[in-house]
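Asks: Each chain is listed here by its residues.
There are 2 protein chains.
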Amino acid sequence: MTKITFKIAENGVKEVEKSVKGGIRILDAALSINLRLTSICGGRGSCGKCKMKVLSGHELLTDVTPIEKKLMTDEELKEGYRLACLARVKEKTGTLKLQIPKTSILTEQILQVEGVDLHVSLNPMVQKYFVELPKPNIENPVSDEDRLIVELEKQFKLDKIKLGAKIIHDLPLILREANWKVTAVTWNGEIIAVEKGDSSRRNYGFAVDIGTTKVAGFLVDLDTGKTICRRGIMNPQIKHGEDVVSRITYVMEKGQKGLKELQKEIIQGINQLMVNCCRETGVSEENIYEHVFVGNTCMQLLFLGVWPVYLALSPYTPVLRRGVNIDSAELGLKGNKGAKTYFLPVIGGFVGADNVAVVLVTDILNSEERVMAIDVGTNTEIDIGNKEIVMATSCASGPAFEGMHIKHGMKAAAGAIERFSVDISDPDKVYYLTIGDKKPIGICGSAMIDIVANLFKAGLIDERGTFNKDLLGTVERLRKGEKGLEYVIAWKEETESSEDIVFTQQDVREVQKAKAAIHTGAKLLMKEMKLKEEDIYKVYIAGAFGNYIDPENARVIGMYPEFPLKIIEFIGNAAGTGARLTLLSKEKRRYAENISEKVKYLELAAHKGFSKEYFDSLYIPHREINEYPHVKKLLGKIRSHR
Amino acid sequence: MTKITFKIAENGVKEVEKSVKGGIRILDAALSINLRLTSICGGRGSCGKCKMKVLSGHELLTDVTPIEKKLMTDEELKEGYRLACLARVKEKTGTLKLQIPKTSILTEQILQVEGVDLHVSLNPMVQKYFVELPKPNIENPVSDEDRLIVELEKQFKLDKIKLGAKIIHDLPLILREANWKVTAVTWNGEIIAVEKGDSSRRNYGFAVDIGTTKVAGFLVDLDTGKTICRRGIMNPQIKHGEDVVSRITYVMEKGQKGLKELQKEIIQGINQLMVNCCRETGVSEENIYEHVFVGNTCMQLLFLGVWPVYLALSPYTPVLRRGVNIDSAELGLKGNKGAKTYFLPVIGGFVGADNVAVVLVTDILNSEERVMAIDVGTNTEIDIGNKEIVMATSCASGPAFEGMHIKHGMKAAAGAIERFSVDISDPDKVYYLTIGDKKPIGICGSAMIDIVANLFKAGLIDERGTFNKDLLGTVERLRKGEKGLEYVIAWKEETESSEDIVFTQQDVREVQKAKAAIHTGAKLLMKEMKLKEEDIYKVYIAGAFGNYIDPENARVIGMYPEFPLKIIEFIGNAAGTGARLTLLSKEKRRYAENISEKVKYLELAAHKGFSKEYFDSLYIPHREINEYPHVKKLLGKIRSHR
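Protein chains in written order, with numbering that gives the first Met the number 0: chain A, 0 to 641; chain B, 0 to 641.
Hints in this document: simulated from the structure, not taken from any laboratory.
Heads up, some of the hints might be wrong.
It does not matter which identical chain is used: a pair holds within one copy or between any two.
Taking lysine-lysine and the DSS-like style, the derived pairs with C-alpha atoms no more than 25 Å apart in a straight line are [unchecked claim]: (1) 153 with 597; (2) 52 with 96; (3) 52 with 565; (4) 165 with 180.
Kindly generate the complete structure, drawing on both the sequences and the hints.
Replies: And the structure:
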């Protein structure tokens, strides 16, 4: 029997031990302790995604295979990395120590996001207090207001509590109907609701990340700090235009009426999200006392019903900068009638509260070392800095990664191909994973990166992203489509719709445009700050699909400057996480305001190097291939093996 | 030529000199310097109201007449008091020094009220600031919010200014349409409006005293501190009941719908007052930024739409105690859309914000000596105390003094008989003054006190208030009416309506009930505090009609315990004045909150001595005539002359 110690890098490091028989693959040994490793090819030794590092006990494993040598870099091999699907345990007694990197773990987005939540000490703006009040009598005829406030201040050692103006109407009735046993709900010291009996544990908030394309809602239990439901919808405003500029153009054309229309749409969408979350969890809408929002500056203004036009006109000034506090009822949001809304502060230009949330989650403002954060979305925000200075910019990367403009593009839902791999020795041999292990329906953002990277590595497209028509007839999956060449990702026999799922020349172009915009933003911001790749200590990648992106493939296509893979960390929907943090913690809210004051905005539209950099970035990975030495080396290696 | 120095006790003491010829009456000499003395009988030497004190130069005046001896007390005669209509200047050279007491000056209520205003240093919650903002450009693309706030803070040395949630919608449009020259309106550091150009001098507030019967509104210029318009209306809720208890009963019967109805009525009434004031002064409603309210606790709850029922049920607890801040728009009040409403704090039972305002104006909480304040209204509030302790109570005195339930009763408007006098030697010889010197239409509160006092002094009614039917046939004005005896105040030949204006037996009863309630409150509160009449240093009488009451006649009928006349001071609508003070001064607002905390409420309904004292107080002046030694002596004197 061999004992394996798995060191799993997830929410800190977890160690699990397991005794196994000889002959077993590490991939299967991991599965036996419920640890699912990433494997797009299904353990066929082709995708190279189930990397793990052998810390000790190399002698207990079968030898390194030629495929492993092909799929991993020399550095990785030197450091002792193996592929879990190819390494088998020998019939030997001993202890094998394995380190499983985060990127090799097939995990639900939820886990990593929760990982961030755990670092917050629970101190929400909304607090609930159950009190039993002394009944009034002729000797003690103090007002209902004083009776409640004095008792709250005494029992809970509170200070300067005051009654909210909206709850006074029925207060005398509630106190008496409840026989003087009530739960007071306070927000920042203001009593916003008084409920009969003890309802102190039913305390919820709703955090929303309003994306240009997608809206994510999180129902958070403010009593435990747990997110008990998360749901997403398309932003209903999308019918008036896909990007921020087209939404603003709509308002310019339609005037105040158009603005009200867009506001109503997003509010209705959010209400629907809330209703769904409540229905699913059995939470009453009445028990939602605070709504917290993040979104770019355009989403912010449309949500608040503020004239957004000057955002799109030079000098691109936002209307608001600080966090906005407003009664939720005034916006028409569902929830308790005394509920409060907080829209996190913004930074500048289109860089909004979503980015403040990303800086909050990544804690860049407290970092000694220089870090970069990229929040990929229809508008992608990029921050670079440390505690000395942080700069931010945004770039219009478009909605391709969210499934738009891609022939078979779709959002990350059940049936979406989320990982993809091509056997570089046989471009007709492909592997993919779908969400929920369903028959494939379409392709989501993370797979698009895999597809472009794999097509490139396999030589099916060149550095300009153009399909190699010389392979027509040789590679069965490459064929002529309606609009030029296309590559078949899944044959109709395999798909839900019984139609082939393809990736077209146009799709490749869309991915190129998106990744070029992101790369340009990152590169120009680095230039502006006079930084080189080696000056960056860590790169956080955020975005609704962030966890699923393959960092190596993203590097192969040149989505960001070439950084060592180990400094890249995926943090999921950090904007949503940041929103939730401010729901849970007053301190984080103050920190958010601080971030908004300190982070400096760089307007890219005004940057003289923009056009050239964007053009160069359209190449795969980049026109200046020498700036991508790792990718260059990898390509050379692959080609020598082919 | 004789030189007269008039020392006029009005807003401090004013000295005016005038040289006059011999033979002139002092009454006329006063008129020549525009000093109108009180004279109900028109200078016929009958009403005794034009008293003045001769400080020096007695020898320059004609001798004291028998009528003066009859109409004044021995003390007054000893102190050198004369009647200005009977004392004439002799043909002698010399200097005559006269002191004209406040009560002998016929003055408009407005003056005394303004006198109180003058002691406030202007520091309203609402401030307006005109700023010229630097235009945004690509080098300085800060948000509209920061641009405005930073400039305000810099130019006006302000701190922690924030944007109100309601003004964000059009902010970018206003700033640009105004070419970056705007006026910001702040309330307690929150920007509640932004206006184009320089509107900093157009800054108004509206103060309202919501009485059970009458509502008084004051349009105040917050830039100068001046009240530029005051208007009154009947409380529109009066159709549902005249006193607080009947209004509450209406809500009990009709439920929430009834409450909403009453709230709507008072709001509409106040809006009408505001519209009238604005129309009259040319002020735009848009420039009213704050509304301040006082009223008893029932008026407060009905105005705010708060369930008031428990106010009327033992132990009579109010719902709210502290001041209420609420957006005016939420109440449906006219004014700027960002306007704020402040309802002053209350004390307890039915003793509300109107009484807090009275304590604010009289400054009892800072008084070394013990003072009493009586605010006469449908509900009359009484305070006694000094800086050690102040206690307050209220009594249901009814709306008689406001003209209700009195056959020819009316409010103090043009044509109302406001002063009345009977020649005690000839009960058919009467004198009266009307407001605006118009033909009489009816009788207002101040004259009712004069009527009852004079009928009593002339022996037409006895100490039980019953008409002396033995005089039927002897006194022409005394006659049988529809419901018992009645006395003709003005013959139809003199009146506007060509009908006799009478005062009926029932009218006398109504005045008795009202004055008994007030007396009972004052007496019991004194008892509770173990105080005698001589322990009280000053008595303030407030109420819409306060300035016009004759303090001596009020003492004759026993409206309050017997105090020396010189300690009685009339302060007009002190509730309204207090409301205006808080509109003008943040400090006064803090002081009001302090008053609400410190003044102790005494519930009279629970007092065991209530019934006996009330019964005794129905007598004129009181069943225990020995408690009214002055009145007793005066009556003896009058009777001996008759």
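Asks: Look at each hint and say if it fits the structure.
Replies: Going down the list of hints, with the structure as the test:
no., hint, verdict
1, 153 with 597, "between (39 Å within a copy, 19 Å between copies)"
2, 52 with 96, "within (9 Å within a copy, 112 Å between copies)"
3, 52 with 565, "within (12 Å within a copy, 101 Å between copies)"
4, 165 with 180, "within (20 Å within a copy, 36 Å between copies)"
Going through the hint list in order, the structure satisfies each hint without exception.
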